[in-house]
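Novice: As a plain string of letters, each chain reads:
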Amino acid sequence: MTTLTKETGAPVPSDAGAFLSVRDLHVSFRTEDGMVRAVDGLSFDLERGRTLGIVGESGSGKSVTNLTILGLHNPKFTTVEGEILLEGQELTTARESELEKLRGNKVAMIFQDPLTALSPYYTVGRQIAEPFMKHTGASKKAAWDRAVEMLGKVGIPNPKERAKDYPHQFSGGMRQRAMIAMALVCDPDLLIADEPTTALDVTVQAQILDLLKDLQQEFGSAIIFITHDLGVIADMADDIMVMYAGGAIERGTTNEVLRAPQHPYTWGLLNSMPRLDSDLAAPLAPIPGAPPSLLNPPSGCRFHPRCTFQDRVGGTRCTDERPLLAPDRASACHLTADQKRTIFIEEIKPSLG
Amino acid sequence: MLRFLLRRILGSFVILVLLTVVAFLLFFGMPRDPALLMCGKTCTPDALANIHHTLGLDKSIPEQFWIFLSGLVTGRNDFEQGPCPAPCFGYSYHTNEQVWSTLMDRLPLTLSLAAGATVAFLFVGLGTGLLAAWKRGSFVDKSFTAGSMVLSSMQIYFLGPLALAILVYQTHIFEEPDYTPITDNPAAWFTGLIIPWAVLSTIFAAQYTRMARSSMIEQLQEEHVRTARAKGMSGRYVFFRYAWRGSLIPIITILGIDLSSLLGGAIITEYTFGLPGLGRLAVESVQFSDLPLLLGVMLFSAAVILLCNIVVDACYAFIDPRVRLS
Amino acid sequence: MKEDLVLPAPREATADSSGDPLLVVEGLTKHFPVKGGFPIRRTVGAVQAVDGIDLTVHVGESFGLVGESGCGKSTTGRLITRLLEPTAGKISYRGKDITHASRKDLAPIRSEIQMIFQDPYSSLNPRQTVGKIISGPMEINGIEPTGGREARVRELLEIVGLNPEHYNRFPHEFSGGQRQRIGVARALALEPKLIVADEPVSALDVSIQAQVVNLLRKVQDELGIAFLFIAHDLAVVRHFSQRVAVMYLGKVIEVGDRESIYTRPRHPYTHALLSAVPEVNLAEETETGGRERIRLAGDVPSPISPPSGCRFRTRCWKAQDKCATEEPPLVRISGNHDGHLTACHFPEDPTIEARDEDIVLDPALAALEEGLNDD
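Residue numbers (my numbering), protein chains in the order written: chain X, 1 to 353; chain W, 1001 to 1326; chain U, 2001 to 2375.
In isolation and in its complexed conformation, chain X is listed as follows (with noise of 0.2 angstroms):
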């Protein structure tokens, strides 16, 4: 594998220290009925090598983060302001030909759908070479090769032969193998992985997450992971970012947040999951309502209209104020840290069962 290594020139120390860090995003879509504020003050940093785990319901804005991290919205209609710092370099302003270099190079995607997502006219093989003949310079021929190599690496038995065959002849599984390997061929620095195994069945998306643990162990590449189901999360993540309505409300190590979640929200969602070792004499504790519409966010805590836990704050401060959310293990709640810890412990732990 010594294709695989890249010079490790020291990396460009940054303000920050962060490999990657999103500062107060806010992006917003022009759309026929109205502005849609689908991200709205968003911050995080993500760590060399690190796995940070973006869970979210439909809506809340964690699809559309990544693709701004990578300039991949469309300028046209979408407004962007706050800073996405890649090693030091400034992304949300940064020329479409600067953001070409990076892309597929140091930050790669994995999308959801892998029939949808690649290209039904071209050779499996071609759609890999591509990158690494444009970030490389290689030779038609070498790239070729690589990509092969890479099919064999993600486990597609004969890569030879396959790369030559169109996505279509390819099975669902062996389709995000080969989606997997297009984003590793550059050995980026950093991969974002779109619910890569939602498409997918339970137990080829199991082969699919073990396979995306043990390359990254091999590729050392940092890993943002989108995903709602908060199984995969606790298997793929380092860190926990959960977010709701375009912010995030809650974020710690994994460990903090599945085993003492502080925020209402993400009590909801561990409550209203139904697992394989769950008591079945309880039943499941859904959040009430349904999430808000971006168009006219709920005013205060975007989360107040479903939160039972409002009258333990008091006053109208949840309704008027927006919780911020502090750096490192934090979560946006106006629920004094005490709250926290008593109400999870004395009423949500137990229901868990």
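None of these hints come from the bench; they were simulated from the model.
Check the hints yourself; a few may be wrong.
As the list claims (entries may be wrong) - Under the rule of at most 25 angstroms between Cα atoms (straight-line distance), these lysine-lysine pairs were calculated in the DSS-like manner: (1) W:Lys1142 x X:Lys76; (2) X:Lys213 x X:Lys106; (3) X:Lys141 x X:Lys101; (4) X:Lys101 x W:Lys1135.
Using the hints, position chains W and U against chain X.
Specialist: Same frame as chain X, but now just chains W and U:
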């Protein structure tokens, strides 16, 4: 894939045979007697019987059909006008010419008209459509879109005379449309057809501008196009290698339909510019109840349409491996 | 929206099948023809979507049908509701053979068997009001409830947790979870005895999913409606079904009470399936070794030419020659509870605890893990 095409060709052949049967029965099985028309006002029963005999109309319908069908394959020698080599559609009642050679006489004009116009409208239409899609939302896009809306609502019988009036009769920039075979004088061929080409392609190009634009914009929103961008391919590469390929499918579908109608004879165009092509031949054959000629024009057009369909299918297979490999 | 429902604990499956079963399916088979050939297209093969399955659903019970895509679980649902015509086999509903019953013969039964679909967006007519959608089945079947149809619809809206005032609204005015509630109300309109629910919650977000699962549990318990619950999510099925059948490539490979299937599975595929479910481990530290880890290789084979003998053998770590030649019958293996049937020649131990050595069949995974262990 080859099997698929072979099956299409076989199927088209079957359709053609069935069409021949239906058309023949419709034309020659009709109660109206074509001989009456030829016999004229001073018709006597003897003369009528004579015409019946020479036209072969005194035989039974199945017999007539069999003679017609075998004539298509082997040619016929039973006409008083002389031998008729295969494919023999017989002789025109009206002009006494061989139907097939009449068709072949008119074909080069129709072909020239269709080919020239197609090259022009594809070039202009796809070019402007792609440019509009590339610069989506810009002034260029908006003006192209508006212009194509206006032009595609025009009709040949409006735009044609208008072009003639301005460019030929008033300013004398161009000559009056006229057909010279390309083999005789390429320059005259070109100048003689330039106005019909321009008018035809203006109207068609406007449709292709709109189609290319919308189909490109649709393709640019495909997930695989986003993937291509996400792996760092340049905007131009993604546009021409990824989006363009997929947007060809609807364009080729419409092109197939347009081509077959152009090749089958652009009746209005030919009339507008006074050009004697297949379209006019069709109208003439109807006017004179010239059954052999009408049958010939009809079957020829049908064959062209079926051929265009097969070519379109082959194009699909060439563009899309999912069609080719299944 | 009323969420503070008091739900009784789901009844544990009782092995005794007291009373006549509601639905009995025997040897149910559906083959979809595959066209091909040259020059004339003809049937050259068959997608063996469902291939000889036996099922029994008792009155008021929830029977879960799980499996991965292509296993035939959805086709089974459509066969039972007679949306598809079976190729072979027998479907009896309350003792009456309805396998090939005509439209007319089915009419009285149609109202008793209802269906809930996966996609709450495409399964409701966007041009009809909620009232019209829910009263549709009553209209078609000419049923005039006491108090009128509108009153009944309002009552149904209330039961499924929607505002009865929303009678005149259109589907697009509702969220995904609310639409699925409308689908439930429509299924309840005719007071059915059996509801076939095909992935009713898989299109919904987690927090909404739980709302609908609870609603279905309430409906099942309070109204005594039997469910054939088709889903790929094992945890959801566990929460909803007292008995569960696991399907693979058109066959039922294991069936039994919930306890047996989830904690004492015998079929290697059931083991693999359970082990693949990603789980949040909420315990502080695991005292025991946790769950077993099994990683299969490749995807499910094509149902056009399924493997001979046992269909799982091509991906099974215990497969021997016998598996290729002899199809294992679905029988009770010694040690199984009553009613726990397994179709396997070489069943696994009835435990899902971690093994001494993980089973990793995926070659790429095995190679990577070996390399990483060597470092």
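Novice: Which constraints among the numbered hints does this structure fail? Numbers only, ascending.
Specialist: The structure breaks none of the hints.
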